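2 protein chains.
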Amino acid sequence: METNTDTLDISTMSTPAKWGVTPHVMKLETSIIREILKLSSQPGVISFAGGLPAPEMFPVEDLKEASIRALDKYKDAALQYSLSMGVPEFRQAIADYACKRMPQISAANIIITSGSQQGLDLIGRAFIDPGDYVICEAPTYVGALQAFNFYQARYAAVGMDEDGMIVDEVEDAIARYNPKFIYCVPNFQNPSGITMSLARREQLVAVANKHNIPIIDDNPYGDLRFTGEAVPSLCALGGDMVISLSTFSKIVSPGLRIAWIVARPDMMPVFEKVKQCGDLHTSTFSQMILLEYLRMGKLDGHIEKIRQTYGARRDLMIKSIEEYFPPEVEFTRPEGGLFLWLTLPEGMSAKEILPEAIEQKVAYVYGSPFFPDGGGENTMRLNFSNAGEEQIVEGIKRLGRLITAKLK
Amino acid sequence: METNTDTLDISTMSTPAKWGVTPHVMKLETSIIREILKLSSQPGVISFAGGLPAPEMFPVEDLKEASIRALDKYKDAALQYSLSMGVPEFRQAIADYACKRMPQISAANIIITSGSQQGLDLIGRAFIDPGDYVICEAPTYVGALQAFNFYQARYAAVGMDEDGMIVDEVEDAIARYNPKFIYCVPNFQNPSGITMSLARREQLVAVANKHNIPIIDDNPYGDLRFTGEAVPSLCALGGDMVISLSTFSKIVSPGLRIAWIVARPDMMPVFEKVKQCGDLHTSTFSQMILLEYLRMGKLDGHIEKIRQTYGARRDLMIKSIEEYFPPEVEFTRPEGGLFLWLTLPEGMSAKEILPEAIEQKVAYVYGSPFFPDGGGENTMRLNFSNAGEEQIVEGIKRLGRLITAKLK
Numbered sequence: 001m002e003t004n005t006d007t008l009d010i011s012t013m014s015t016p017a018k019w020g021v022t023p024h025v026m027k028l029e030t031s032i033i034r035e036i037l038k039l040s041s042q043p044g045v046i047s048f049a050g051g052l053p054a055p056e057m058f059p060v061e062d063l064k065e066a067s068i069r070a071l072d073k074y075k076d077a078a079l080q081y082s083l084s085m086g087v088p089e090f091r092q093a094i095a096d097y098a099c100k101r102m103p104q105i106s107a108a109n110i111i112i113t114s115g116s117q118q119g120l121d122l123i124g125r126a127f128i129d130p131g132d133y134v135i136c137e138a139p140t141y142v143g144a145l146q147a148f149n150f151y152q153a154r155y156a157a158v159g160m161d162e163d164g165m166i167v168d169e170v171e172d173a174i175a176r177y178n179p180k181f182i183y184c185v186p187n188f189q190n191p192s193g194i195t196m197s198l199a200r201r202e203q204l205v206a207v208a209n210k211h212n213i214p215i216i217d218d219n220p221y222g223d224l225r226f227t228g229e230a231v232p233s234l235c236a237l238g239g240d241m242v243i244s245l246s247t248f249s250k251i252v253s254p255g256l257r258i259a260w261i262v263a264r265p266d267m268m269p270v271f272e273k274v275k276q277c278g279d280l281h282t283s284t285f286s287q288m289i290l291l292e293y294l295r296m297g298k299l300d301g302h303i304e305k306i307r308q309t310y311g312a313r314r315d316l317m318i319k320s321i322e323e324y325f326p327p328e329v330e331f332t333r334p335e336g337g338l339f340l341w342l343t344l345p346e347g348m349s350a351k352e353i354l355p356e357a358i359e360q361k362v363a364y365v366y367g368s369p370f371f372p373d374g375g376g377e378n379t380m381r382l383n384f385s386n387a388g389e390e391q392i393v394e395g396i397k398r399l400g401r402l403i404t405a406k407l408k
Numbered sequence: 001m002e003t004n005t006d007t008l009d010i011s012t013m014s015t016p017a018k019w020g021v022t023p024h025v026m027k028l029e030t031s032i033i034r035e036i037l038k039l040s041s042q043p044g045v046i047s048f049a050g051g052l053p054a055p056e057m058f059p060v061e062d063l064k065e066a067s068i069r070a071l072d073k074y075k076d077a078a079l080q081y082s083l084s085m086g087v088p089e090f091r092q093a094i095a096d097y098a099c100k101r102m103p104q105i106s107a108a109n110i111i112i113t114s115g116s117q118q119g120l121d122l123i124g125r126a127f128i129d130p131g132d133y134v135i136c137e138a139p140t141y142v143g144a145l146q147a148f149n150f151y152q153a154r155y156a157a158v159g160m161d162e163d164g165m166i167v168d169e170v171e172d173a174i175a176r177y178n179p180k181f182i183y184c185v186p187n188f189q190n191p192s193g194i195t196m197s198l199a200r201r202e203q204l205v206a207v208a209n210k211h212n213i214p215i216i217d218d219n220p221y222g223d224l225r226f227t228g229e230a231v232p233s234l235c236a237l238g239g240d241m242v243i244s245l246s247t248f249s250k251i252v253s254p255g256l257r258i259a260w261i262v263a264r265p266d267m268m269p270v271f272e273k274v275k276q277c278g279d280l281h282t283s284t285f286s287q288m289i290l291l292e293y294l295r296m297g298k299l300d301g302h303i304e305k306i307r308q309t310y311g312a313r314r315d316l317m318i319k320s321i322e323e324y325f326p327p328e329v330e331f332t333r334p335e336g337g338l339f340l341w342l343t344l345p346e347g348m349s350a351k352e353i354l355p356e357a358i359e360q361k362v363a364y365v366y367g368s369p370f371f372p373d374g375g376g377e378n379t380m381r382l383n384f385s386n387a388g389e390e391q392i393v394e395g396i397k398r399l400g401r402l403i404t405a406k407l408k
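Here the protein sequences come in this chain order: A and B.
Residue numbering for the first sequence follows this note's numbering, beginning at 1 and increasing consecutively.
Residue numbering for the second sequence follows this note's numbering, beginning at 1 and increasing consecutively.
None of the hints are false.
Identical copies go unnamed one by one, so any copy, or any two together, can satisfy a pair.
Below, simulated EDC-like cross-link-like pairs (lysine to aspartate or glutamate); rule was C-alpha separation at most 16 Å, straight line:
| id | residue 1 | residue 2 |
| --- | --- | --- |
| 1 | 75 | 65 |
| 2 | 298 | 96 |
| 3 | 73 | 56 |
| 4 | 27 | 272 |
Because the hints were derived from the structure by calculation, they are not lab data.
It should be emphasised that the depicted structure is a prediction, and the values quoted were computed from it without experimental measurement.
Bound-form chain A, shown alone:
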């Protein structure tokens, strides 16, 4: 048998190619958002590009107290190997917390993950063979695309309107593509800020049930509602058909990398197996810090403070857009979350004007990467959680000036 190195001229190849890094990994793109973040970290740039929580909201002192309590109470057990499913008491504490919105769940439905990105990865591991289809919204969350792209997924992207995913299109997509699952972000979607209406949720659950296709309910922002009425969760409506992802990243701290998957108990051995292959288990200490933090009883009050802060920032961003943007620009008015979504006049490219925006010291993420089947050239995502009030007004003013100039 001949080796590759006999038949290829390796002198002209990069190390990864010489060493036989697999072709699909060679082709994989790094996150465009992370590239834009590098650009937007230049001094003086007001960035609406990231998806970062407001750092001044992190409960630094309470987490210090929780860290001390975790080590005083569990001692060496906080530092030892632990179970792939997660620390049992912590899974129970999460069940107690989450059952407010998912009344039927218990610890048996929960596996701890190293951030929701790993939750998405475990779902990709479990379901996707190369070429398998995934139904998603257009636009959809790029981090999910990145997780599923590694497994060489293809996408059937379904349109959205102000009520969320247009579920009428889902049935047709199922018939054509035989997808592995339906992925959606039903609450204050990243990137659009749109929340799926109750009628659409019921319709989606009915379609999923009919075709026996799991729904992935990616829900990092569900607790961050500023205005309007909460809509029942897909999990509460769809029960066993729904695999739900939640995280502490947006309500406590993303740097701890603690999230969880809720799914029917007979899916748990699958997630346990693929998690074990991937990183054995999530940090024991991080789990116990959050366990102690939950027991301190301050989470609900903390979330309320985040809601007030982000709600005020959203209001200010909308007010500033109304004041400084030309009326041709459309935008969403999210009832929660971290993002709003702009649609520029047809023919204007948000990607093309980004370099000028950065010159004028304001950054955003252009919309096209959020559309796995293409499109969205005239859209952009703005984050309102991370910038302070003065920055929001000044940044929107700069962006409005640029867009106005481009319209002429």
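Please build the complex by placing chain B on the supplied structure of chain A, with the hints as guidance.
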């Protein structure tokens, strides 16, 4: 196009099968060691089965101090999202620590991983397409097999003697199987306790260079040498041909899940991409805790204490084996690490006698799972780091009694 659900009788299928969990994941086995650990956690059982560090050695108070310092010093930055490659100051601190044994490395050669299991997973992600071959030692580390099995690797397992991997067999395996990489645990191997000799290391590096095949140098135990002279690392000998995995799990705490890969800088974008897909980044807070712990300057002294404790336990286990085991049983005398390796007389199955051993309140891991190509039925792995002195003597006495009885 017909969907699967039209052609299959889903009423008889499990949920994972109904939902289209991919066939290779359905077939994946959970860790046999984790199953044995469940058995051996029954009350009164003396367990030599796990690979756990001694919990009484964890620097609980120093890590509490480091946690407080990390939050006081970095504040919100310790809790925010961070880079996929790892926190820059932490990568630098690791380079400073690791360059004692790998003089040529800098922070540019380092990516932080969520435990070495993730390091193995990232290597599987980068290199393995279904059916690709990996060269490994027989026996080899089962966690690596688990990581690579997910990517549907096949194995060309090469024998070992008291000098480690028999490198003469490697060249033949390369010619026959065109492998993606050569995986080995050169220091105090898990499971055998064997250390690869300098001559073998030099020979392995020469073969890898000749065929341009990377060597994966999995090195969790390298710092834990009790006796004998340190052998130069594969990284120091092989430079750019070597991808090295190191971890804080055995020298500080496994529960923090912090490890690192050392590789040539042009491999870093590959690892960065696949890491980003998998979990975005490793816990910022865990990295900063260990950064502050390193700055406290206590690690070297701490490792010295671990060496003394584990060295004494190894001595006691060997002395007890000599006293209580029949002379037909062969065993390794590791100069470091956590494990030693028993070879029972030909025809005796370590797997078959495990239930009796557990009845007699002593547990071990039988050797066959460590051989990807089969064999090793008469071998077993014993861990000497986790049990106290009385337990070691009593457990070896029980095991010796059982093996003696089986010989008759």
